[in-house]
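> Here is what each chain is made of, one letter per residue.
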Amino acid sequence: MLQWIADNPRIFTVALQNHLWISAAALAAVLAIALPLGLALTRRRALAGAAIGIVNVLRTVPSLALLVIMLPVLGTGFLPSVVALTLYGLPALLLNTYTGLTEVDRDIVDAARGQGFSDRQVMTRIEIPLALPVVFAGVRTAAVQIVSAATLAAFIGGGGLGELITSGMANFNFPQLVAGALAVALLALAVELAFAALEWVMTRSTGLRD
Amino acid sequence: MIRLEAVSKMFPGAARPAVDALDLEVPSGRTCVLIGPSGCGKTTTMRMVNRLIEPSAGRIIVEGEDVTTVDPVGLRRRIGYVIQQVGLFPHMTIADNVAAVPRLLGWPEARIRERSAEMLSLVGLEPGQFLSRHPRHLSGGQRQRVGVARALAADPPVMLMDEPFGAIDPIVRGRLQEEFLDILRRLKKTVILVTHDIDEAIRMGDLVAIMRDGRLVQYDAPERLLAAPADGFVADFVGADRALRRLSLLRAMDVAEPGESGGLRLPGSLSARDVLSALLAEGRDVATILDGEGRAAGTLTLAAIQRLSVLDNPHPDGTGRA
Chain Y
1 MLQWIADNPR IFTVALQNHL WISAAALAAV LAIALPLGLA LTRRRALAGA
51 AIGIVNVLRT VPSLALLVIM LPVLGTGFLP SVVALTLYGL PALLLNTYTG
101 LTEVDRDIVD AARGQGFSDR QVMTRIEIPL ALPVVFAGVR TAAVQIVSAA
151 TLAAFIGGGG LGELITSGMA NFNFPQLVAG ALAVALLALA VELAFAALEW
201 VMTRSTGLRD
Chain S
1001 MIRLEAVSKM FPGAARPAVD ALDLEVPSGR TCVLIGPSGC GKTTTMRMVN
1051 RLIEPSAGRI IVEGEDVTTV DPVGLRRRIG YVIQQVGLFP HMTIADNVAA
1101 VPRLLGWPEA RIRERSAEML SLVGLEPGQF LSRHPRHLSG GQRQRVGVAR
1151 ALAADPPVML MDEPFGAIDP IVRGRLQEEF LDILRRLKKT VILVTHDIDE
1201 AIRMGDLVAI MRDGRLVQYD APERLLAAPA DGFVADFVGA DRALRRLSLL
1251 RAMDVAEPGE SGGLRLPGSL SARDVLSALL AEGRDVATIL DGEGRAAGTL
1301 TLAAIQRLSV LDNPHPDGTG RA
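If you read the sequences in order, they're chains Y and S. Its first residue numbered 1, the first sequence is counted upward by one per residue in my numbering. Its first residue numbered 1001, the second sequence is counted upward by one per residue in my numbering.
Don't read these hints as lab results, they were simulated from the structure. None of the hints are false.
A few chain Y residues facing chain S, derived, Cβ under 7 Å:
1) 107
2) 108
3) 111
4) 114
5) 115
6) 116
7) 118
8) 129
9) 130
10) 206
11) 207
12) 208
For the chain Y half of the interface with chain S, some residues (derived, Cβ under 8 Å), not all of them:
13) 110
14) 113
15) 117
16) 126
Computed from a prediction, not measured in an experiment: that's the story for all the values here. In this text, a Cβ means the ideal position worked out from N, Cα and C, and glycines have one as well.
Looking at chain Y on its own, in the form it has when it is part of the complex (with noise of 0.2 Å):
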């Protein structure tokens, strides 16, 4: 397996580049979208409700068929790719971003009030800093949920790692399919591990543990 990357670095490069820039570009999307909106539904809870509904059945819809669903709407490549993956990685982010903010102690809340915090500031100050842990958990759940399901952009020629286990298929290249299978499965530990460090660091340095 190894020596199928050694004898192929150009097209192991590519793949492994192509697969992180649609991941990157997905997550990115995601923390644009997820987290204002998140932070929005907290304030009309009569839409979070609605909101949070539509969410969870997104999340019910299994990977490939989100993207194969994209087939019609987008074509294929890259761009449909990444809405797909961005569609899959969303109810993680807002649904932790939501439950993040609105369970932020009430009596926290409530101290900052009665003490002369503007709204402004009981959001920037309290809440958010103290939704944060939650928030970031939901970050790491969607970038390893992304770059697990970018596996499968090749089906709709995105490109990636996972194409190095399509083709490998196709033309019974055992040594391919493996490690493009392998890549795929280190990257997403390797992804796991880098957000729980860093979630790690984040949590420290805003003192909600030792």
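With chain Y's structure known, arrange chain S on it following the hints.
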């Protein structure tokens, strides 16, 4: 001074007002305890003073200013606020917790640091030991001390305290009540304190307001409340042992009768209730009360204590305003 004039609060969908045309005046430097059964409106009344709840009608005047017309955020920075669950900010150090309001007010950092240390010392916590810690490292009693230090940090003339000892174990509670009472008196704060514990009300209050169904049933000094309950509700509320409670408010020194006798010798700092208890335990009917230097200051007899505990008649007008 805090004055409530015909203040009402009607929550949407409620059958009756939570607070019903309430008039209440707390003189400057005094502690007023609001007490009553659950749902009597005591907490709502307190929370209207700093407008965490907006009154539906009436005026609330704090230090000469009608608070119903001012910016609520600025108002709250001028009023100390202490709650049962303390509500310390867990992601901030004790120093930053205590500095919260001064920082909102834009004090210079040097003055904030000095003030935070001063406040911790005031509530009996060593600043060097506590300033850099986080709330989760503190015991319940220590947290409430920090809660009070935080509320006092910007030197507000008025303090609101919502069951400040409710979450603290009974052994620590007694000491904390005594210390806080001493601090609040010394700093001449005007205080509204909410509790459901009649013993706490009697111990902490210069004035006690007993509420029921959003109305004031009786507003009086604790001694008067025990001696002359306005009606059956108040009498039940202060309890069948109100005669004993009343005795516990009296210092033996202050009620001793001139003279000296042999037998039991007791320090004058005890309450009349403690003296009664000691007499009963020893099977005596008279004790010599000693002053601070251990000299005889007078005597207390069983008969004298019984006279002290006899209750006056209820207020003729039935309201008992102090």
